[in-house]
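Assemble the whole structure, with the sequences as input and the hints as a guide.
Here my numbering runs 753 ahead of the position in the sequence shown, where the first position is 1.
Calculated directly from the structure, the hints in this document are not laboratory data.
Source: prediction; values computed, not measured.
From the three backbone atoms N, C-alpha and C, an ideal C-beta is built for every residue, glycine too.
Just to be clear, a hint being listed does not mean it is correct.
[What the hints assert, rightly or not] The following label-pair restraints were derived from C-beta to C-beta distances:
| # | residue 1 | residue 2 | range |
| --- | --- | --- | --- |
| 1 | G815 | E839 | 13 to 23 Å |
| 2 | E801 | M754 | 35 to 45 Å |
| 3 | R823 | R773 | 15 to 25 Å |
| 4 | G842 | M754 | 11 to 21 Å |
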Amino acid sequence: MGTAYIGLGANTGNREANLRMALGGLTRMARVEAVSSLYETDPVGSEEQLAFYNAVCRIQTGLEPESLLRLLKTLEHEIGRRPGAERWGPRPIWTPARRRALGTEADRSRHPTIRRSHPQGR
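Printed below as a string of structure tokens:
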């Protein structure tokens, strides 16, 4: 089992419900150990959109990084996010940590699909 930190964000539809659906979906293949408070933040990029609700959770999972990325993309699709949407645009769900799901530098070098997806990502 490994620890992963998953960011969650939403700024369309019922933002809080979308975040709860994402957390519920994570329990299919992971144990959610902790969830932060909910924060409202201004959008990055196109500012002519609603503010985001954001949170982060810590999970324990036996999934390899690529499998965890697939799970997160599946959850995004189930909640209504579609490929090809405007970059930095409105979205019903966003899991910014999905590209750095097990985000150490060593993981990123072993798994080229894992990279920072947000300019403020550390």
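Taking the hints in turn, this is what the structure says about them:
1. G815 with E839: 13 to 23 Å: violated, 35 Å
2. E801 with M754: 35 to 45 Å: holds, 42 Å
3. R823 with R773: 15 to 25 Å: holds, 21 Å
4. G842 with M754: 11 to 21 Å: Once the Cβ atoms are compared, 35 Å apart, the range 11 to 21 Å for M754 and G842 is violated.
Violated hints, listed in ascending order, are 1 and 4; each of the other numbered hints is respected by the structure.
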